[in-house]
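Student: In case you want the letters, here they are:
Protein chains: 2
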Amino acid sequence: MTTPSTARRATADRFEVTYRMAGPPEEAEARARTIALEQTVELPDPVVVDADIREHVIGRLERLEPVDQGSARATISYEVGTAGADLTQLLNVIFGNSSIQPGLRVEAVALPETLLRRLSGTRFGSAGLRERLAVPDRPLLCTALKPMGLSADALAELAYRFALGGIDIVKDDHGLADQAYAPFEERVGRCVEAVDRANRETGLHAVYAPNVSAPGSATLARARLAASAGAGAALVMPGLVGFGSMLELARNDTVNLPLLMHPAFLGSFVAHPATGVAHDVLFGTFARLAGADATIFPNYGGRFAFSKDECLAIAGAARAPLGDLRPIFPTPGGGMVLSRVPELLALYGNDVMLLIGGDLYRAGPDVTANATRFRDLLVERSARQP
Amino acid sequence: MTTPSTARRATADRFEVTYRMAGPPEEAEARARTIALEQTVELPDPVVVDADIREHVIGRLERLEPVDQGSARATISYEVGTAGADLTQLLNVIFGNSSIQPGLRVEAVALPETLLRRLSGTRFGSAGLRERLAVPDRPLLCTALKPMGLSADALAELAYRFALGGIDIVKDDHGLADQAYAPFEERVGRCVEAVDRANRETGLHAVYAPNVSAPGSATLARARLAASAGAGAALVMPGLVGFGSMLELARNDTVNLPLLMHPAFLGSFVAHPATGVAHDVLFGTFARLAGADATIFPNYGGRFAFSKDECLAIAGAARAPLGDLRPIFPTPGGGMVLSRVPELLALYGNDVMLLIGGDLYRAGPDVTANATRFRDLLVERSARQP
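Read top to bottom, the protein sequences are chains A and B.
Heads up: the first sequence at position 190 corresponds to 190 in the working numbering, and the numbers run straight through without jumps.
Converting from the second sequence to the working numbering requires adding 386 to each position, the first position being numbered 1.
Here chain A stands alone, though its shape is the one from the complex:
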């Protein structure tokens, strides 16, 4: 297994994808070359006779290195023209058909400025969201309206109480869609009014973030409706609506809302370490390419099974330089509890949004008091951060 002789550094016109491939080391180069064909021309090598296509379209094996006896790492570069201007097609080149291959995982993605500029990505980023919420430096507080089954009025009452207690972003639970219990339009109107009312009492700048995920172009329609009703952010599940749908909201001037990305239906990408997409690529890089301003993920030690390292990798990718794309808020959640706030702040620092849902309901019948405890804990502890 050697670095192939054609290896060149990626240029401004190429992006690179690093795949981890299970299998015997002696088969690694052949497998990597198969991926380079599969993701582009989808033809056997000898059939592609056009010299231009061979040079510019087929993926190029840049580097190949053994990881262990059972796997190798291959970096393949693709010319940006293979993706055109569509985020969907970029993801398709990165991992379209190859997602169906067993024992293949996207470990890293490196994108040139030209491509990042074309996609545009995140609209507000951490700094823009801080400005909207008038929270210059402490961590942000987020909670979720639940359970599914409550009326729009009952959810609005909860939103009011959470905002009164000092939560910055009161979001829909991701399971609130357009069910009869609390239809989307009615719920949005009621919750916006409730959070506004709390803001008038507190002088704070809490916002309500409805879940706008819906079939097809209904996602854009719901986001527009949310914006015109006065919502201050929106929750989107790209696993269900596609990453391209989220990007469409980020780019749309009539929406113009910070977007919280939720990981529902994306779990299979990270459910097994030998397949799918690395945590930081999926919840960090892809989230930013697709316009998220905050990326929600299940924190280690909660109801899910991400490791501490995987969570830190996501937080790193959310905040790392990525062309001109704005850094975004890592948003650990998924069963976080008040007693862990100090630990989370020590780990993630101040540029984080903490999402605590269930524990703000469980901690006692007065959710405003629970929210205030959350806020006090966070303000007190974050003041001690370097």
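To be clear, the hints were calculated from the coordinates, so they are not data collected in a lab.
Some clues are possibly wrong.
Unchecked claim - Which residues of chain A face chain B? A partial, calculated answer using Cβ under 10 Å:
| # | residue |
| --- | --- |
| 1 | Gly84 |
| 2 | Gln179 |
| 3 | Thr202 |
| 4 | Pro215 |
| 5 | Leu249 |
| 6 | Tyr300 |
| 7 | Ala320 |
As the list claims (entries may be wrong) - Far from chain B, some chain A residues (derived; all Cβ distances over 10 Å):
| # | residue |
| --- | --- |
| 8 | Glu29 |
| 9 | Asp68 |
| 10 | Thr82 |
| 11 | Thr88 |
| 12 | Leu133 |
| 13 | Asp178 |
| 14 | Val192 |
| 15 | Arg200 |
| 16 | His205 |
| 17 | Val241 |
| 18 | Gly267 |
| 19 | Pro298 |
| 20 | Lys308 |
| 21 | Arg340 |
| 22 | Leu377 |
We put the CB at the ideal spot given by N, CA and C, even for glycine.
Assemble the complex: chain A is given as a structure, and chain B must be docked to it using the hints.
Tutor: For chain B alone, kept in the frame of chain A given last:
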């Protein structure tokens, strides 16, 4: 581990999801009850005090059985109201957050007529597609225009030659999007014209199926453009655009095109047997709910690793009764070759669409002659089917 005392048969108002859960048998019931909460109220059980929500919203554990020492199977029913009218939310209840749980797989889904009717699903189905193509009983022939990098004129010339050779559906390779090589609108116009010209010469009814997958509502816009330009079908990748986007096309009267579902970017759902969604549910049931008229999957023994049983399960789910939803065409592809046509027909019977791409390019420089060989093989062999 016993069948819980609350178990009841699913009613017209409930749908059932069967999960396979890895883990010790003694923990199975607790884990199943956690799923029933996670997929609905997303709160710990004691926090949910509202009797109506406990009765109607929280998932109900219907059956629990050990599979082996390391896993159990739990069937949980959910009231249809939890999904409302949105396919995205139905998928969210089935496997939204739980997709992020390790060692959890959706094995089966059972939906009541009420819900199936509300979703509507597939528009044409196998019978409707046969009618459009004027092919009453033999298997359908499908091929792909490639490689990426050819101009619209070059792709159109290939489309013409394939249609001349008797291919029924000439589809875009799934990697053709809106790149500069062959921009979408130009490509669609040229290829429609080319296939029409071939039809005038042959008297046949071939159609061209462009790939309309794009970010957000651009998918609907491209599908409308394809329809108004005279395309006879469309290719959609719900892994990239969301299942709800495909359903929107199926329901839209200004699109009104048979839809070929392509599995790109969906591979992680089936890449590991302990996680994700069973092949037949993903490529069969979900495909039909989301409006596919044909479901493309990588056949066993090609470039991918599906087993023969998994392929047969997909074909079964594509054709099995599912309320009033029309049966659709299983469409095995992914490295199929002409020499395997007899085997494929013996296995799948006549209600199948065979997708052969690369081998129609590799079999010789005259793709029309190659297509004719494909058609002859298929007509000859299918005549022998019972």
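Student: List, from low to high, the hint numbers that the structure doesn't satisfy.
Tutor: Checked against the structure, the hints that fail are numbers 3, 6, 7, 10, 11, 13, 17, 18 and 19, while the rest are satisfied.
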